[in-house]
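Engineer: Dock chains W and Z against chain L, hints included.
Protein chains in written order, with numbering that gives the first Met the number 0: chain L, 0 to 303; chain W, 0 to 294; chain Z, 0 to 512.
Rather than coming from a laboratory, the hints here were simulated on the basis of the structure. One or more hints might be untrue.
Using 20 Å as the maximum straight-line C-alpha spacing, the simulated SDA-like pairs for lysine to any residue come out as follows [claimed, not checked]:
no., chain 1, residue 1, chain 2, residue 2
1, Z, Lys356, W, Thr130
2, W, Lys122, Z, Arg353
3, W, Lys122, Z, Pro380
4, W, Lys125, Z, Arg353
5, W, Lys125, Z, Lys356
6, Z, Lys54, L, Gly122
7, Z, Lys290, Z, Leu228
8, L, Lys275, Z, Glu412
9, W, Lys93, Z, Asp42
10, L, Lys275, Z, Gly291
11, L, Lys275, Z, Thr415
12, Z, Lys19, L, Arg198
13, L, Lys275, Z, Leu283
14, L, Lys131, Z, Asp42
15, W, Lys152, Z, Lys356
16, Z, Lys356, W, Arg141
17, W, Lys122, Z, Asn382
Restraint ranges, calculated between C-beta atoms of paired labels, are given here [claimed, not checked]:
no., chain 1, residue 1, chain 2, residue 2, range
18, W, Gly107, Z, Lys13, 37 to 45 Å
19, Z, Trp472, L, Ile282, 38 to 46 Å
20, L, Ile169, W, Ile28, 37 to 45 Å
21, L, Ile272, W, Thr21, 52 to 60 Å
Predicted model, so just to flag it, every value in this text is computed and none were measured. Quick reminder that beta carbons are idealized off the backbone N, C-alpha and C, glycines included.
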Amino acid sequence: MAYFVQQLINGVTLGMIYGLIAIGYTMVYGIIGMINFAHGEIYMIGAFISIISFLFLGWFGVTWIPLALMIVLIVTMMFTAFYGWSLERTAYRPLRGAPRLAPLISAIGMSIFLQNYVQLLQGARNKPLPPKITGSIEIMEQAGFTVQLSYLQILIIVLTLILMVAFSTIIGKTALGRAQRACEQDRGMAALIGINVDRTISITFIMGASLAAVAGVMVTLYWGVVDFFIGFLAGLKAFTAAVLGGIGSLPGAMLGGLLIGLIEAFWSGYFSIEYKDVAVFGILVLVLIFRPTGLLGQPEIEKV
Amino acid sequence: MSDASANGGRADGTLLTVDHLTMRFGGLIAIDDVSFTARNKEITAIIGPNGAGKTTVFNCLTGFYSPTVGRLTLYHGDMPFQLEQMEGFRIAAKARVARTFQNIRLFGAMTVLENLVVAQHNKLMKASGYTVFGLLGLPVYRHAEQDAIELAKYWLDKTGLTEHADLSAGNLPYGAQRRLEIARAMCSEPVMLCLDEPAAGLNPRESAELNDLLLHIRDDEQIGLLLIEHDMNVVMGISDHIIVLDHGSKISDGTPKEVREDPAVIRAYLGEEEDEELPPEVAADLVQRDGEGAP
Amino acid sequence: MASITMDAAGSNSKMRDHAKEVLITGFIVAMLAVPIVGFHITDVTGGVGLALRFKEVAAAAIVAMLGRIGLIMMREHIALMLVAALSALVAGAIALQLITGYQFPGDTRLPFNDPVIDWLIVVVSIIYAIRAAWLTSHKTGTQESREKAMDQIGAQVQKLSLLLGPILLICAILLPMMPFAGRRLVDVATLVVTYIMLGWGLNIVVGLAGLLDLGYVAFYAVGAYSFALLANHFDYGFWICLPLAGLFAASFGVILGFPVLRLRGDYLAIVTLGFGEMIRVILLNWYEVTKGPDGLSSIPRPSFLGMPFKRFAAEGQETFHTFFNIDYNSGHRVTFLYYVILAMAMITNFFTMRIRKLPIGRSWEALREDEIACRSLGINPTNTKLTAFGIGAMFGGFAGSFFATRQGFISPESFTFIESAVILAIVVLGGMGSQVGVVIAAILLIGAPEFFRELQEYRMLAFGAGMVLIMIWRPRGLLAHREPTMHLGERRRWFGLFGSAKPATQSGGAPGS
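Chain L extracted, bound-state conformation (with noise of 0.2 Å):
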């Protein structure tokens, strides 16, 4: 029972993580109805900035935690949301309105060159960075195994929560959100009421940007290391979230993002943590055997 719950919890936090990411692929994929495939890269330059951002602080001795996190988060989504933008406008927004495979390949070498660019910028090796938050609340303890839930936990569950309504609430209530929804339905007629359909997709590009960004920074927190390659698994492992959840749908992605996370926690502390991934994978291609359309997703009735 013990290791069950501790499990759990490992498995919400991981979630969460992936979750974030997710939000992203789901909202450009909505949108401009593209994988944006190098949105993991956009993650990983996230946690780089983000170990940056914490050494740049070090310098000036800015150790209070809240407030060194603070403005890493803030230093690092600002900086992300620039290679997001960057991102659209040089390599998704000239192949507007082209064959559909033609955007997926130029996602693909753009996601190959940010692998490179980091590499070749920062070294292939793995950047460490001491634990920040540390400490935890021992829920229960028994037969000897005591089931821990940190602060860096409840850190990562309460703020990827509140960013989760901060998002809905932008989505569901705001003009932006509304020019961003009737992008999705028809892009065309979004633009002959006189929404600016450019500048709504370089916001969503943005936008999940930000979430990749804050993702990076609790990897970072989390695992205490970045490489310039987490990107590829993590943004594999979201985009899966993404698309078991129903691809475009906001709590589909959460959800998605923290079905992965329970199956892959469940899957290493019960079973194996090498093949963890193929469980993942496998589960993923059930739901959509049975549920083509992901679990929150619209199912569509086939127009004829």
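Structural biologist: What follows is chains W and Z alone, placed relative to chain L:
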């Protein structure tokens, strides 16, 4: 040309019977207990206001939807086909029901000729020994392909597309695309052809040509046609039998003359008389159309 | 030219716009560069430190702004000769320093202090100079007219491929006999042809059937591993293992494809990608069979009619060099391997060209165009997709076997997602469905970078950037032109040189027609 029609339909001429067809999407009832029959060598039109469920009937018949309730029986050959139990591509391949689409669906990047040859896929697959003979270049396949091209040429000629044969289908003008879709459906040698608004977007001349083409298919190919159409000139001009749907239910069924005079149809098309008076020009137009439509 | 007719006020506001554009470019590049370029996470004992590189950030911003100014001037046709001259000057100056090692007075070398970046600037400057010079004598067409022009070139090349194909093939056959062809060149050529074959295999799935497969490397891996396992455990030779491995990969494709081929495009892409990763993880962890990360080694090399390419024959065996009574040369095997893959690739090509003109091939293309219409014509979509998937997988398996026998050693590291991405890029960049396009794209993407092996670390950077640039330049691929599989009317042949062929009902299916 096609020998398919030889055994199409029951002895009494019935080709298709639809019994108690009902289709629900979640809470929405698109078709509610509709029954009708269609006969071989006849043009049966299904008309009705927008949203009456006409295309849904087609989608049930051609296997794109499986009906919630109902029996759809097609008579040809030795055994009747229960269409509601068959997958879409099997309905086309085995029961030989061909269709066209409201939004034209051509193989845009392929040429007109290729579109027509793809329609003969199953026949050619067999002839190519499921690709083996074809890869070896055996004469049995070469002859089959030659026959397929002959059939395609016949329908190119009938639809006036011969000179466009080597153009890609996506580059054809709209009217030609409509005709190509019909030609493609006919190349699959059906016993029943379902046409979903074939006259939509055609100019009057093209529309008249379409009438001739459909009459040719009925009289010379001797198969049954099922037609959804809004253009009353087409419907009244060529149909042998008209079924009127409104809000998913059948409200009238009979010859063009009977249907035109049916008060239920007039109500469905023009609304309740208490609700609104017709503007005089619309009324005049209707009278004129009636005059033209009369055989 | 436009600026001359403009009145003063208009030209003023235009200048302001241009200045704004340049400044924004500089600002954005600076913002991008500040975190990643400006700070370097250095490894220090017991952790990491931070080093500053702000000179580089400034340089990047300035270079970007200068580039933007050049672009604007070319766009607006302002002082084109000046742009050309300045770009040429920059290119010349940096190239001179790079080649001769001479230092101009002052710190004129770029602060990256890295020849590759400097060379990059030389190349970009040369492109600017040429483009500006070209613009002085030509008017630029619109994007659309340029697209059209390229499409026409594509169509021409496609027509030429009747000639070009055989010429390329003859070149490929003669390549190892050329005096300049060293072992290294043949090695690179072997690699390129392997990717051409993979590209042709994937072209069946993506280009013809329109199924987006992001996990093609899975079949490559299955082919390679089944080849290695069959060869090692049952002691079969290359020529027996090869078809078996291909069949194995094909059945694997069918088994994988069966549940997932119902899925729509992008879902299919992600599932195939997932399969690719699953295979890799399994290869990595199923130690008893695959030896995990250690990989499988001592995979037998192919033999020529049973004669191995060895210096010394085993008991009762004759080797290639003793049979032909020539001196032993390890290059023989390299050359032989090259011909093996060339033959395998040509078989793939021949097969594809032929099957395109058969009902099954046409139904693949029809399925790519409109699945619903296919169903309404009685085409079974699942079976049709499965055959495409299976046949594509089979060629992937063949190529995998070849890879295994060439390397003599395989490990999961060779079958990462990046391989799938590269193969897909070859297909899409070449122009979907175009056989010649695949050849050109493979030479560009695989061959060219091989000659820059020394610049290892920049290779993949340029590779990624190249993919993006080519896609933006030609969204439909380099040679996006579809040749119909059959003709009804007169068909102009040999570019009208010999008049037109006799009008007849010609099907492309029959050979020689």
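Engineer: For a quick check of understanding: which of the numbered hints are violated here, in increasing order?
Structural biologist: 9
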